[in-house]
Amino acid sequence: MNRLPNALIDELVDDLEPVRPMKLAHGIGLIALAALVTIGLVELLDGLWRGILAGEASAYYFIANGMLGLLGAAAALAVLRMASPRVGNTQEGARWALAMFALLPAVAAITLGLQGRLQQIGADPYGLSCFLAGSVFSLLTFGALTAWLRRGAPVSPSRAGIYTGIAAGAIGSFSYGLACPIDTLGHLATWHTLPVVLGAFAGRAVVPGLVRW
Amino acid sequence: MIADEASLAHLMAAAQKGDAASYRVLLAEVQLWLERYFRRRVAPAQLDDLVQEVMVVVHAKRATWDPTRAFLPWLAAIARYRWIDHLRKVYRKAEDELGDHDFAEDSEEEAVMARMSLERLFVHLPAKQCEVIELVKIDGLSIAEASARTGQSESLVKVNIHRGLKKLSALVEKAD
Numbered sequence: 001m002n003r004l005p006n007a008l009i010d011e012l013v014d015d016l017e018p019v020r021p022m023k024l025a026h027g028i029g030l031i032a033l034a035a036l037v038t039i040g041l042v043e044l045l046d047g048l049w050r051g052i053l054a055g056e057a058s059a060y061y062f063i064a065n066g067m068l069g070l071l072g073a074a075a076a077l078a079v080l081r082m083a084s085p086r087v088g089n090t091q092e093g094a095r096w097a098l099a100m101f102a103l104l105p106a107v108a109a110i111t112l113g114l115q116g117r118l119q120q121i122g123a124d125p126y127g128l129s130c131f132l133a134g135s136v137f138s139l140l141t142f143g144a145l146t147a148w149l150r151r152g153a154p155v156s157p158s159r160a161g162i163y164t165g166i167a168a169g170a171i172g173s174f175s176y177g178l179a180c181p182i183d184t185l186g187h188l189a190t191w192h193t194l195p196v197v198l199g200a201f202a203g204r205a206v207v208p209g210l211v212r213w
Numbered sequence: 214m215i216a217d218e219a220s221l222a223h224l225m226a227a228a229q230k231g232d233a234a235s236y237r238v239l240l241a242e243v244q245l246w247l248e249r250y251f252r253r254r255v256a257p258a259q260l261d262d263l264v265q266e267v268m269v270v271v272h273a274k275r276a277t278w279d280p281t282r283a284f285l286p287w288l289a290a291i292a293r294y295r296w297i298d299h300l301r302k303v304y305r306k307a308e309d310e311l312g313d314h315d316f317a318e319d320s321e322e323e324a325v326m327a328r329m330s331l332e333r334l335f336v337h338l339p340a341k342q343c344e345v346i347e348l349v350k351i352d353g354l355s356i357a358e359a360s361a362r363t364g365q366s367e368s369l370v371k372v373n374i375h376r377g378l379k380k381l382s383a384l385v386e387k388a389d
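Residue numbers (our numbering), protein chains in the order written: chain B, 1 to 213; chain E, 214 to 389.
Read the hints as simulated data drawn from the structure, not as lab findings.
Treat the hints loosely; a few may be bogus.
No more than 25 Å apart at the CA atoms, straight line, and that leaves these computed lysine to aspartate or glutamate pairs for DMTMM-like [to be verified]: (1) LYS387/E <-> ASP232/E; (2) LYS23/B <-> GLU218/E; (3) LYS230/E <-> ASP15/B.
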């Protein structure tokens with residue numbers, strides 16, 4: 001064992017104070033809380049769609065929002081793990097969830113394209129407002145994940161930023177989706193997907209500078 | 214002899230609770246571990262600075278280690294991250310020739326160490342990128358000298374260093 005005198009070690013030991021370890025469970029609790037508060041805000045500001053429980057929603061509605069919820073959970077988990085680095089850490093779950101989610105716009109583009117109904121997407125009068133609302137409702141999760149990363153030590157700040165944006169966009173869009181009664185494939189696969197795309201770009205642009213250490 | 218994973222994890226858990234005596238032992242062990250970890254991939258005159266820099270980071274980021282997980286993969290990820298940062302900053306300096314100080318892979322723990330080593334990162338780089346990073350960022354040659362040594366143009370040397378470092382930074386947590 002090395003017991004050589006070392007001024008740096010003395011200095012660091014003198015500065016030692018108890019710390020609360022960053023545990024994954026705490027991070028999961030934080031993001032779950034952010035998601036619940038977001039859903040609460042959606043209920044307060046727009047009102048959740050009561051037709052969901054009345055059986056009025058289509059299968060597309062459940063599939064699209066289910067995919068958004070799962071993508072949000074997988075990407076958020078990846079971000080939480082990235083805050084505590086270790087060799088062997090991978091984001092495979094989030095990657096597969098993203099690949100799965102990409103099926104939604106891909107299938108919409110193929111089926112609507114083959115049916116010659118792609119122009120319906122651009123003509124959707126509620127599309128832009130859904131995109132904007134989903135993006136705005138992603139801010140709380142975005143902030144919570146960024147705060148967690150700032151406490152942590154992410155060794156891939158760029159990737160952490162992208163996943164932060166994806167998680168926040170997916171959770172925000174999922175939350176607002178609970179208030180949106182438009183359940184067509186074209187609407188869900190476009191306007192409820194765009195907050196995830198916007199989130200990924202915003203996360204890549206904003207987060208690395210905030211979490212670099 | 215550097216302490217094993219279980220002992221280091223035990224010491225770190227105690228240090229997180231404020232146990233100064235455990236922390237002192239841990240830091241001494243971490244210092245030894247880092248010196249060995251970086252020895253072959255950092256110019257000798259820069260080794261102490263890099264080790265000390267990582268120790269300061271370990272101190273500042275000690276809360277990011279989850280006591281339910283292994284300690285050395287956490288330490289190795291921080292060491293790799295700082296090492297790549299260090300390579301980015303390094304410019305030409307006359308350094309002694311580096312010696313060969315491979316880890317002896319004679320136990321299970323050494324095999325785990327090998328998976329976390331800096332050598333594992335270079336495996337994922339194209340040979341041309343690896344070569345110029347070693348020459349310029351570790352051995353301290355100038356761009357022109359590296360160009361003459363490798364036959365790559367000066368522009369290509371710069372591009373390969375840039376691309377290589379970028380790729381390395383994406384591999385910090387990669388284990389194989």
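Taken at face value, is the distance from the CA of ASP15/B to the CA of LYS230/E at most 25 Å?
-> Roughly 13 Å separates the two Cα atoms, so the pair holds.
Given pair status - GLU218/E, LYS23/B, alpha carbons within 25 Å | 20 Å, holds
Satisfaction of hint between ASP232/E and LYS387/E, Cα-Cα up to 25 Å = 32 Å, violated
In terms of the numbered hints stated before, the structure departs from hint 1 and from no other.
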